[in-house]
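Student: Sequences are here, hints too, so could you generate the full structure?
Residues per chain are reported as follows:
2 protein chains.
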Amino acid sequence: MNLRKATPADVPQLYNLVMELAVYEKAPEQVSNTPEMMLRDGFGDNPLYGVIVAEADDKIVGMSLYYFRYSTWKGKRLYLEDLIVTESYRGKGLGKALFDATIEEAHRTHCTGMMWQVLDWNTPAIEFYKTYGTRFDTEWWNGHLDF
Amino acid sequence: MNLRKATPADVPQLYNLVMELAVYEKAPEQVSNTPEMMLRDGFGDNPLYGVIVAEADDKIVGMSLYYFRYSTWKGKRLYLEDLIVTESYRGKGLGKALFDATIEEAHRTHCTGMMWQVLDWNTPAIEFYKTYGTRFDTEWWNGHLDF
Chain S
8 MNLRKATPAD VPQLYNLVME LAVYEKAPEQ VSNTPEMMLR DGFGDNPLYG VIVAEADDKI
68 VGMSLYYFRY STWKGKRLYL EDLIVTESYR GKGLGKALFD ATIEEAHRTH CTGMMWQVLD
128 WNTPAIEFYK TYGTRFDTEW WNGHLDF
Chain X
8 MNLRKATPAD VPQLYNLVME LAVYEKAPEQ VSNTPEMMLR DGFGDNPLYG VIVAEADDKI
68 VGMSLYYFRY STWKGKRLYL EDLIVTESYR GKGLGKALFD ATIEEAHRTH CTGMMWQVLD
128 WNTPAIEFYK TYGTRFDTEW WNGHLDF
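Protein chains in written order, with the working numbering: chain S, 8 to 154; chain X, 8 to 154.
If you are wondering where the hints come from, they were derived from the structure by calculation, not from laboratory data.
Keep in mind that the hints are not guaranteed to be accurate.
Copies of the same chain are indistinguishable here, so a pair counts whether it falls within one copy or spans any two.
[What the hints assert, rightly or not] With a straight-line cut-off of 16 Å between C-alpha atoms, the simulated EDC-like cross-links for lysine to aspartate or glutamate are:
| no. | residue 1 | residue 2 |
| --- | --- | --- |
| 1 | Lys81 | Glu43 |
| 2 | Lys12 | Asp144 |
| 3 | Lys137 | Asp107 |
| 4 | Lys81 | Glu32 |
| 5 | Lys33 | Glu146 |
| 6 | Lys12 | Glu112 |
| 7 | Lys103 | Asp144 |
| 8 | Lys66 | Glu94 |
| 9 | Lys103 | Glu134 |
| 10 | Lys83 | Asp153 |
| 11 | Lys81 | Glu62 |
None of the values given here were measured: they were computed from a predicted structure.
Tutor: Put into structure tokens, the structure is as follows:
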């Protein structure tokens, strides 16, 4: 297993992982993003996100996709948008390796901490994050407007 | 009432609004941010956030503080971190003017939509956002690690 930063050539495989997670989260119909948009948004002059990929057997089997946010309470934060390991490679420590590498990236980029969200029924994810001492805030509602 | 982008000279007043909201949200002890950090993070070469301020009677009485996020499902999103109107100026339409200006900013910067969070007990805010047709997702938990 090898961890490295993603390159533009990886985008089709990254998009497949995004879709795999959307199916797991029971909302594939909510995905309006495309590989073309991901390429433009993540690999130009002002990338909107970064990706650490996990490779095994000559293919991408997991990723951590993150970007930076700003908390008016805490300052610069790394936000972990997606931590995904493809189904057939779960249970081998890849998720932990990716999460640890993401924590390192947050330190390296001078963040005061990191943040993420998890669905309330995703018990395996919640239990995994609790091993890091994470406590969860459950009192926030997410609003959005789509244009 | 006048709306404009914030300047570095506004930071002390912006910080006061952040603290006012933190007290309203019953968590002022969670604020480790400082005016010095806000100045560095929002007004350098790669600002981590933007602010629209509302001025009245020669002072700043409200603000919308936002930044850009990346949704692997939806693409580029404007995230509204804080929408604040100081207590003595509420009920005059300033919040709506700031929110409308933020929507305009999201369009101008080619976002596919905008997002924000609200505390589940903050009924006035929830009712306000519902007038825009907002529906809220309540099934996500927020995790974080502080360094």
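Student: Look at each hint and say if it fits the structure.
Tutor: Here is how each hint holds up against the structure:
Taking identical chains as interchangeable, the C-alpha atoms of Lys81 and Glu43 lie at most 16 Å apart only when they sit on different chains, with a minimum of 13 Å there against 34 Å within one chain. In this assembly of identical chains, the alpha carbons of Lys12 and Asp144 never lie at most 16 Å apart, being 30 Å within a copy and 32 Å across copies at closest. With identical chains, the CA atoms of Lys137 and Asp107 are at most 16 Å apart within one copy only, with a shortest distance of 14 Å there and 39 Å across copies. In this assembly of identical chains, the alpha carbons of Lys81 and Glu32 lie at most 16 Å apart only when taken from different copies (15 Å versus 29 Å within one copy).
In this homomeric assembly, Lys33 and Glu146 come within 16 Å of each other (Cα to Cα) only across copies, at 13 Å, whereas the closest approach inside a single copy is 22 Å. Only within a single protomer do Lys12 and Glu112 lie at most 16 Å apart by alpha-carbon distance; the minimum there is 11 Å, versus 31 Å between protomers. With identical chains, the CA atoms of Lys103 and Asp144 are never at most 16 Å apart, being 22 Å at best within one copy and 28 Å at best between copies. When the C-alpha separation of Lys66 and Glu94 is checked against a cutoff of 16 Å, the pair qualifies only within one copy, where the shortest distance is 14 Å, while the shortest distance between copies is 56 Å.
For the identical chains of this complex, Lys103 and Glu134 are intra-copy neighbours only, at 12 Å inside a copy versus 40 Å across copies, given an alpha-carbon limit of 16 Å. Taking CA atoms no more than 16 Å apart as the test, Lys83 paired with Asp153 passes between copies only; the shortest distance there is 11 Å, against 26 Å inside one copy. Taking the closest pair of Cα atoms, Lys81 and Glu62 never come within 16 Å of each other, the shortest separation being 34 Å inside a single copy and 26 Å across copies.
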